[in-house]
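Asks: One letter stands for each residue in the lines below.
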Amino acid sequence: MIGLQGVSAQERGMSFLIKHRGDSMKPAKVERMMDGKERDYVQHLFGKHISMGQVRYLRCAHLDVYERDRKGACFVDAVTGKRFFDCFSSAGCFNVGRGNERVKAALEDALARHDMGSHLLLSEHKVRFAERLASLCPGDLDKVVLCASGADACAGAIKLAKGATGRNDVITMNKAYHGHEGFSLSANGKDYYKELFLPLMPGFHVVEFNDLDAVRRVASENTAAVVLEPVQGEGGIHVATKEYMTGLRKLCDELGVMLIFDEVQTGFGRTGTMWAMEHYDVIPDIMFTAKSISGGLYPNGAVVYRAIEPLVSYVEKNPLFHDSHGGGSDLGCIVSQAVLDDIVENRLWENAAAMGARLKEGIQEIASKNRDCVKEVRGLGLMIGIEYVHEFIGALMAECLARQGVWAVYSGNAPQVMRFQVPITIGGHEVDDLLDRIRAAFDAMRWYLVLLMPLARIPFVGALLNNVHLQIWAFNLVRDLEEFVGKIMNRRGGA
Amino acid sequence: MKKADGSHNRARGLFDTAEKVFSRSYVNLLREKGHDVIEQEGDGSWMTDAQGGRYLDCYASAGTYNLGRRNRAIARRFMKAVHETDQGNFVMPSDYKALLAQRIASFVPGRLDCVLFGVTRGESMDAACKLARGATSRPGIVTVDGGCYGETGFALSLTAKAGKEQFGGLIPEVLAVPFGDEDAALRAVTDRTAAFVMEPIQAENHCRESSREYALRIRRLCDATKTVLIFDETQTGFGRTGTRFFFEQLGVEPDILVIGEAVTSGMFPMTAMVFTPELKRFFDIHPLIHLCTFGGHDLGCVVAMAALDEYELAEPWVNARMMGQRLASGLHACAQEFPDKAASVAGRGLLFSLRLAGGEPAAKAFCARAMREGLLVETGRVDTSTVLFRPSLLVSEDEVDRIVQAVRTILAGL
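One line per chain: the protein sequences are A and B, in this order.
The numbering used here puts the first residue of the first sequence at 877, with every later residue one more than the last.
The numbering used here puts the first residue of the second sequence at 5, with every later residue one more than the last.
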């Protein structure tokens, strides 16, 4: 990597420190803008203390952006000053818009009096938030366990189902993504995340999504739960069908199996309704959520379950079955309450539905002109995915979009699918602007495809192109060359 | 008087709602310990409730408020940061994460230079176990009995939580050996063992403490078998035991250290695992293999950096040592005064456990009486016949004397 060569790590670090602090004993601060050298230093730090692999991975598609001015649907790159549409939203965390003034004000006010509170003690904020959350959930989803994150909530939901039914097995979906702690990792539907950490929990069965018969075949009297995302996010924006959901509900009722919905990404208006389950008129026995509950400012999460047997009796017998420290803190509940106020008062789900339709229509129109590289456009509300015909197009397109000021990533569990999950506060003009940029990115990509598409048809080369490690290596090389050339040009310009 | 009635009615309404939305038994559990109060706010060593009660907070939310409740310097920085940043896109290599990781690397002694952030203690323990398995390509995880690591999958599999069998099959290849038994550890750790996991002090288990010899033997055993040694210092870190981390006193450095919410002094749900550069290679080869949306939250990073500034400035471990001695001699004196009620006192720094002769009911009764004496304490999770004392590390002499006086009164009335 040319950008990181030539100067020792120590020297790079020192020049940065001297420039900004004049005192090498004190650590650097986050600066409003960074030049290339400073960015290299931060990358070096990140690589040294966290993961250089991650830096290289994101760098290869121009996704190594340092976010500043996080506002609404956009942020600004600290190095180039370029404005980006945030089409990832930290996998759907920024439903109320980044830097939402109301939520910020609530947190700032709260900090004058509150901290996380005492874990286990009750406070007005904890109780009121839990009550409000339950009141916004359909049907008899009336009971709440506050958690600290999506994975933590997933663990809580699975424990509740297992404990209450006294059964062990859990049915989950192919390509499903629920998190990385022990329970949720066992429930993930992609081997890539699991295979290095085996053995995981026994009794987790992965079946095809949207295939009711597959669930029926595996379900038994030992099945505690069926877990699914109504719209698979990381799995590549696959939307559950209504027949499937209705069928699952019926099957679970017959067998005494707990139906669990993961509404971590789909909740809080994302899909055009407050919860994705409302599209189906199906109420799960247990649902869990996180991400946008925090307004992008303070971690929180929750399990919400129906006031039915055996769930209620189980929790009455085991009130601390999932005693998650950090979940449902005072500050967290104050922030989440402000988030709910904002969503409900502005009926943000309606905007998600309207803007989702506008964006999807636009993308479909673009796709119809690029039939050779787009396989399908699908989604619900402002959770939209473009599936390309080859996996390598995902990485390529991320790069082309980044150049157009659109920060979008491909799905972790399905690299051929690119996700668009902008904050649901986005306006109509912004959607049109975003569409223009996507159009331009496709035009730019066609130049690459002239070379790559014929190659991709050769099976061996196709496999190579889809190899992530090779992509990282190749794109980093291109990036290094680019920066090297850029430096020389600058030097000439300077002289 | 009228106002007091109002606040009582309000409180009753909140308890009714809590029974409905959480569970009746949960609220009853609080009642048994006299913890059926509506917490209002925290300030330094103190906590207040909505009914006008004021308590010396010796719970500190399981020992996370090391710099006191709502530390003002951290809160001030936090308020400013709210307008500067948010959580960020979690897959990005942010400078907030990088700078905090660097700060943590220099705060934690020894070769522990690399960081992966989590939200809960359990998530960081799960990440540690996964890293050990991934880096060694071995399945086995050995731990000691009586531990308490969290509620997530791996953490729960390692934890001595009563009734955990109701969750069915947990993580396989996990084995717990008796704490302090070198031979048992020797038999259990083989060339199939990825990690040996322990809390050097089991806070929730009557502060059972590893001896220097035992820790050293385990370190040597891990070196000989290339097993990853994991210490969880969630409750013992950040000055709690009189040094930054307790492993410094043991003279044994782990390969992975789990740190808890004390990293932000309880102002933000953030935990982390800190590990050696050799282990980091795994994350270089497999980037984004372990993700956590709220882990390394940019705003949380600012809060943690502010907390680390305060830690460096206040050096609360010094006060913890001094006040700890005062508290220790006070608690021991109380125990001697009431030998039929107080079975024993254990702990160090500002982390103490008092075991009640009357078992769990006595411990709960102790908590309830403590509330009447203006003291917030919580029972141990693993050894439920104990009551823990873990106040702010910046507690004053006067406050320590109050604690001791209250304990004397409570024991006398028990």
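Calculated from the structure, these hints are not laboratory results.
It cannot be assumed that every hint is accurate.
To spell it out: a stretch of chain A is covered by chain B in this simulated footprint if at least three of its residues, at any positions, have a beta carbon under 8 Å from a beta carbon of chain B; those stretches are [said to hold, decoys possible]:
id : region
1  : 940-946
2  : 971-982
3  : 1016-1026
4  : 1072-1085
5  : 1089-1097
6  : 1163-1174
7  : 1241-1248
Taking lysine-lysine pairs in the DSSO-like style, the calculated list, with each CA pair at most 30 Å apart, reads [unchecked claim]:
id : chain 1 : residue 1 : chain 2 : residue 2
8  : B       : Lys84     : A       : Lys947
9  : A       : Lys924    : B       : Lys345
10 : B       : Lys24     : A       : Lys1070
11 : A       : Lys958    : B       : Lys84
12 : B       : Lys168    : A       : Lys1066
13 : A       : Lys947    : A       : Lys913
14 : A       : Lys913    : B       : Lys84
15 : A       : Lys1193   : B       : Lys168
16 : A       : Lys924    : B       : Lys84
17 : A       : Lys980    : B       : Lys84
18 : B       : Lys24     : A       : Lys1126
19 : B       : Lys230    : A       : Lys905
Sample of chain B residues at the chain A side, in silico, Cβ under 8 Å [to be verified]:
id : residue
20 : Tyr30
21 : Val95
22 : Thr124
23 : Leu190
24 : Arg191
25 : Pro273
26 : Phe287
27 : Ile293
Glycine is no exception: its CB is placed at the ideal position from the N, C-alpha and C atoms.
Asks: Give me the numbers of the hints this structure contradicts, sorted from smallest to largest.
Replies: Of the numbered hints given earlier, those the structure breaks are 5, 7, 9, 10, 19, 23 and 24, listed in rising order.
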